[in-house]
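A.B. asks: One letter stands for each residue in the lines below.
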Amino acid sequence: MEPLKVVVSGPVGSGKSTFVRTLSETAIVDTDAFASEPIGKDMTTVALDYGTLRLDGQLLYLFGTPGQQRFDFMWDILTEGALGMVLLVRGDRPQDFPQARRQLDYLLSRQAVPYVVGVTRQDKPPVWGPEEVALYLGQPSEYVVGLNATDPKSAVKPLLRLLELML
Amino acid sequence: MAIFGNLNHMSLGDLLPLLSVQDGALEVFNLENHPRVTLYFRDGLLQCLFVAGRPADSLVARSIVTLLMSSTRGSFEFVPGAPERRCPHLLDWPLDRLLITVVSVQDEMRELERRLPHPETIFRKIRDEMPEDRRLADFWKRAQGRLDIGASAQELAGRMGMPLEHAQYYLFKLRQAGLVMPVRARAQRRSMGPSVAARLIDSLKQRFFGGRQAWNH
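Which chain is which? The protein sequence lines are D and C, in order.
For the first sequence, the working numbering assigns the number 1 to the initial residue and increments by one for each residue that follows.
For the second sequence, the working numbering assigns the number 1 to the initial residue and increments by one for each residue that follows.
Hints are computed from structural coordinates only; laboratory data are not their basis.
Remember, predicted model here, so these are calculated numbers, not experimental data.
Errors might be hidden in some of the hints.
Stated by the list, open to error - The calculated lysine-lysine pairs, modelled on DSS-like cross-linking and capped at a C-alpha distance of 30 Å, are:
| hint | chain 1 | residue 1 | chain 2 | residue 2 |
| --- | --- | --- | --- | --- |
| 1 | D | Lys153 | C | Lys205 |
| 2 | C | Lys141 | D | Lys5 |
| 3 | C | Lys141 | C | Lys125 |
| 4 | C | Lys173 | C | Lys141 |
| 5 | D | Lys5 | D | Lys153 |
| 6 | C | Lys205 | D | Lys124 |
Said to hold, decoys possible - With the Cβ distance kept under 8 Å, some of the chain D side facing chain C (calculated, not the full set):
| hint | residue |
| --- | --- |
| 7 | Met74 |
| 8 | Ile77 |
| 9 | Gln99 |
| 10 | Leu108 |
| 11 | Leu160 |
Said to hold, decoys possible - If you want the ones that stay clear, here's a sample from chain D, every Cβ over 10 Å from chain C, calculated:
| hint | residue |
| --- | --- |
| 12 | Ser24 |
| 13 | Asp123 |
| 14 | Glu164 |
Even glycine gets a Cβ: it sits at the ideal position worked out from N, Cα and C.
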C-alpha cells in the first residue's frame with residue numbers, strides 16, 4: 001500500500017507543529033528556526049513538520065506546512081497529491097482569521113484536495129467555536145471542527161471528520 | 001515658469017494642486033519598471049493619460065495615477081500649453097477629487113494589505129450585476145469575461161496592465177459585494193474509495209478511543 005499524505009496548514013502559531021507532534025506515533029522531524037520577524041514566538045517552522053501514523057497497515061504521513069506567508073510556495077508543493085488537508089486556525093486569535101481564509105481560498109482554488117478546518121484552543125476560553133469560524137470562512141459547518149491540539153483524543157477529530165466526509 | 005524635478009523630492013500628490021490651475025502636459029519618466037507616462041491637464045481636470053504613447057482607459061488610468069502617487073523614483077517635467085493629443089478615453093477628472101480618491105484608496109489598500117487575496121487565488125463570477133462604485137464597475141466590465149471562467153489577480157493584473165495589488169484590491173471589493181467567490185475545488189477529486197476511508201476511521205477510533213464510537217460527543 002502506498003503511504004497517504006495529510007497536509008496540516010494554517011497561519012503562524014495555529015498549532016500545526018503541536019498537532020503533528022500529538023498525533024504522530026514516531027518522533028517528528030521538524031525544521032524549526034528562530035523567527036526572523038516578530039510573529040509572537042521565538043521558534044517557527046521554516047520548511048515542514050513531518051510525522052507518521054500507521055492505521056491498519058496503512059501508513060499515513062502528516063506534513064505540517066510553514067505558516068509565514070513568505071513560505072507560501074511550500075503550501076502548493078506539500079498539498080499536491082495529498083489525501084487531504086487540515087487547515088488549523090487559533091480560535092482565540094480572530095486577527096489570524098483573514099490569513100487563514102486567504103490560505104484556504106488560495107489552496108482550494110488551485111487544488112482539488114479534500115479538507116477540513118480545525119479551530120484550536122477550544123480548551124482555553126474565550127475562544128471562537130467551530131460554528132462561528134465556519135460562518136466567517138463561508139464554509140459549511142460540517143467542514144469545521146473544534147479541537148485542542150495538545151490532546152490526542154481531541155486532535156484526532158479533524159482527521160476523523162476528513163475521512164468521514166469521504167464516505 | 002518651469003515645473004520639473006524628481007518624485008523622491010516632490011510627490012504627484014504635491015504636484016496636482018499646482019497643475020489644477022494651468023493647462024499642459026506632465027511627463028513622468030525614469031520610473032522604476034514602468035514606461036513613460038504623460039498626463040494632460042485642462043481647466044483643472046485630468047483630461048487624458050498616455051502610457052508609452054498609448055492612451056489609457058479610465059481603469060488603467062486610475063491604477064497608474066495611484067501608482068504614481070506612491071512612486072518615489074522617477075522624474076517629471078511639465079510642458080505648459082502642450083497641445084492635447086487625440087484622446088479616445090476622455091477622463092475629465094477634477095484634480096481635487098482625484099487626489100482625495102487616490103489617497104483614500106491607498107490608505108484602504110495599506111489597511112487591507114493582509115486581507116487581500118493571494119495573487120494566485122482563482123475567483124469566479126457568481127452574480128451578474130453592475131457594481132455601483134464607478135471604480136469597481138470599470139474593473140468589472142473589463143474582467144467579467146475572464147471571471148466567467150475563473151481568473152486570479154495575477155492574471156487579471158497582467159492582462160489589464162495594472163499593479164498586482166490593485167487587482168487584488170478590486171477582487172477583494174467584488175467579493176465583499178457578493179459578485180465573485182474563490183473557486184472551490186472541493187470534492188472534484190477523491191483519492192481513495194469510501195471503503196478505505198471507513199477502514200481508516202475504524203482504525204483511528206480504535207487507536208484513540210479504544211474503539212468507542214462516541215468520539216464527537
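A.B. asks: Against each hint, give a clear statement of whether it holds in the structure.
C.D. replies: Here is how each hint holds up against the structure:
{"no.": "1", "hint": "Lys153(D) - Lys205(C)", "result": "holds, 9 Å"}
{"no.": "2", "hint": "Lys141(C) - Lys5(D)", "result": "violated, 42 Å"}
{"no.": "3", "hint": "Lys141(C) - Lys125(C)", "result": "holds, 12 Å"}
{"no.": "4", "hint": "Lys173(C) - Lys141(C)", "result": "holds, 14 Å"}
{"no.": "5", "hint": "Lys5(D) - Lys153(D)", "result": "holds, 20 Å"}
{"no.": "6", "hint": "Lys205(C) - Lys124(D)", "result": "holds, 25 Å"}
{"no.": "7", "hint": "Met74", "result": "violated, 13 Å"}
{"no.": "8", "hint": "Ile77", "result": "violated, 14 Å"}
{"no.": "9", "hint": "Gln99", "result": "holds, 6 Å"}
{"no.": "10", "hint": "Leu108", "result": "holds, 5 Å"}
{"no.": "11", "hint": "Leu160", "result": "holds, 6 Å"}
{"no.": "12", "hint": "Ser24", "result": "holds, 12 Å"}
{"no.": "13", "hint": "Asp123", "result": "holds, 16 Å"}
{"no.": "14", "hint": "Glu164", "result": "violated, 6 Å"}
The earlier numbered hints that this structure contradicts are 2, 7, 8 and 14.
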